[in-house]
Amino acid sequence: MIQFTDVYKRYQNQHEALSGLSFNIDKGEMAFLTGHSGAGKSTLLKLIALIERSSHGQVLINNQNLSRLPQRKIPYYRRQIGLVFQDHYLLHDRTVFDNVALPLVIAGENHREIGRRVRASLDKVGLLGKERNLPIALSGGEQQRVGIARAVVNRPPILLADEPTGNLDPELSRGIMQLFEQFNQVGVTVFIATHDHELIKTLPYRQVILQQGRLAQQETQ
Amino acid sequence: MKFLKFNFKNYVLRHLQVMLFSLGQMWRQPLASAMTVFVIGIALAMPAGLYVLLQNLNQVSNQWDDASQISLFMSQDFTDPQAKIFTKNLRSWPEIDTVRYQTSNKSLEEFRQLSGLGDLLDTLPSNPLPAVVIVSPSKNSLRPDAIGSLLARLENLSEVEHAQLDMEWLQRLRSISKTGQRGISILAILLSLSVLLVIGNTIRLAILNRQAEIKVTKLVGGTNAFVRRPFLYTGFWYGTLGGIVAWLTLLFTLGLLSGPINELSQLYNSQFTLQWLTSQTFLALPISGMSLGVLGAWLAVGRHLSAIEPR
Chain X
786 MIQFTDVYKR YQNQHEALSG LSFNIDKGEM AFLTGHSGAG KSTLLKLIAL
836 IERSSHGQVL INNQNLSRLP QRKIPYYRRQ IGLVFQDHYL LHDRTVFDNV
886 ALPLVIAGEN HREIGRRVRA SLDKVGLLGK ERNLPIALSG GEQQRVGIAR
936 AVVNRPPILL ADEPTGNLDP ELSRGIMQLF EQFNQVGVTV FIATHDHELI
986 KTLPYRQVIL QQGRLAQQET Q
Chain G
4 MKFLKFNFKN YVLRHLQVML FSLGQMWRQP LASAMTVFVI GIALAMPAGL
54 YVLLQNLNQV SNQWDDASQI SLFMSQDFTD PQAKIFTKNL RSWPEIDTVR
104 YQTSNKSLEE FRQLSGLGDL LDTLPSNPLP AVVIVSPSKN SLRPDAIGSL
154 LARLENLSEV EHAQLDMEWL QRLRSISKTG QRGISILAIL LSLSVLLVIG
204 NTIRLAILNR QAEIKVTKLV GGTNAFVRRP FLYTGFWYGT LGGIVAWLTL
254 LFTLGLLSGP INELSQLYNS QFTLQWLTSQ TFLALPISGM SLGVLGAWLA
304 VGRHLSAIEP R
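Protein chains in written order, with our numbering: chain X, 786 to 1006; chain G, 4 to 314.
Hints listed in this document are in silico derivations from the structure and should not be mistaken for laboratory results. Just to be clear, a hint being listed does not mean it is correct.
Claimed, not checked - Here are the simulated EDC-like cross-link-like pairs (lysine to aspartate or glutamate), alpha carbons at most 16 Å apart as the crow flies: (1) K218/G with E837/X; (2) K218/G with D878/X; (3) K109/G with D148/G; (4) K12/G with D872/X; (5) K218/G with D872/X; (6) K812/X with E966/X; (7) K109/G with D125/G.
Stated by the list, open to error - If we take Cβ atoms under 8 Å as the criterion, some of the chain G residues that face chain X in the derived model are: (8) R17; (9) E216; (10) T220; (11) F229.
Glycine included, every Cβ here is placed at the ideal spot set by N, Cα and C.
With the sequences and hints as input, model every part of the structure.
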């Protein structure tokens, strides 16, 4: 589902964020991406979301070669990927409902379908009663759940998360991870960048460990 | 087919939603929005107002154009029997439409009435005024070069003392109005440009305010068209409302002017009445406002869209 082959990413200032990276994540798998800050985790996720392009090498996502994807097709490609961010990236002038509905509105879904899917998605993350609230009225953990609801609302085959538990206490973090596990159980490929070692130690998923832009090792627990 | 129809309905519905959404956003900042709308309105009203004035000026000069005549002041010894032959002769000229003869007594009578110097005229030993033949040139010979040669030919006739065409000032007026027209065109272009800049700048600020939203929209798969749409509608509203304000401003100004102008025209015994906005101008203002609004927004968004690309 996610396949990196000899991928390099060099920035303009000659800094090499990724060098010769190759790894593979299967369809329906759940895996963690770990490594120190600056090891290239964020860069790797940006390559998958096509926020940046690789300098060299092949990135295959859901059987699409990203280096061959023209700029104008990027929006449609991104609709296959649910993105969850550390800072949630919620729109604070819109209700929880409108935030979650955004990907569906963009995709041009009809009104009734949007209402149905948004409520289903909010139900899954346990926030069904809060759809009329503004994000600012929610706790950090709840805001992250809204972010997850938005990421899964159009049922993408891949879910990417960048430090989704970065600002949460262990209790809430466990809850968020359980959510990801639930999505994985219904067939979504889940790839989570995190440095929360305490948490992932307790979970039985593979880790892709980066060290200075290279693959350090892949562990299966 | 059903699928297509279905999607089309969604598409229209979404456009309506975005349209109302952008109007709502303007409504939430009433003062700033109103100021922008008024700036646009006044910028559009100025060339349109000058255009209306110029139309009126042309109407006046056209009226005079039809009435342009050549007065032939005959020599003192010109008699009425001679006049019969003379006018008959003139009527056969192809350059001449109508000929009217006015005896010297009639001229005196007219002068007495118009000047109010009746008593003084009575003291004169004889009538000092000549007989006059008033010639209306035909439509074709009204052109400046043709009328010049006709005038020269008439002047050369032995019976004619003096031939006078009072049209020089009319030609001057024409060329002034032509200059005015060009000036107004230039002014309209400059002010349209300023409308573009005002709208562009307003949209630029709106984009800066909503940078986070644009970024998120793009990250969850929003196309450039989707991101652009609300801003285009914002430009649409500013332009259209500005056009309506321009229209109202013009209507108000013309309302203020129409009273004194009609009075003035009555004093001159003129048929002239102030022409209001034609239905074309009526539509042209909001439509040109709208197009300028959408164009300005398009330019501003295009310029900034790539800058917000999440990379």
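Evaluated hints:
no. : hint               : verdict
1   : K218/G with E837/X : holds (14 Å)
2   : K218/G with D878/X : holds (15 Å)
3   : K109/G with D148/G : violated (32 Å)
4   : K12/G with D872/X  : violated (36 Å)
5   : K218/G with D872/X : holds (13 Å)
6   : K812/X with E966/X : holds (14 Å)
7   : K109/G with D125/G : holds (15 Å)
8   : R17                : holds (7 Å)
9   : E216               : holds (5 Å)
10  : T220               : holds (7 Å)
11  : F229               : holds (6 Å)
In this structure, the hints that do not hold are numbers 3 and 4, in rising order.
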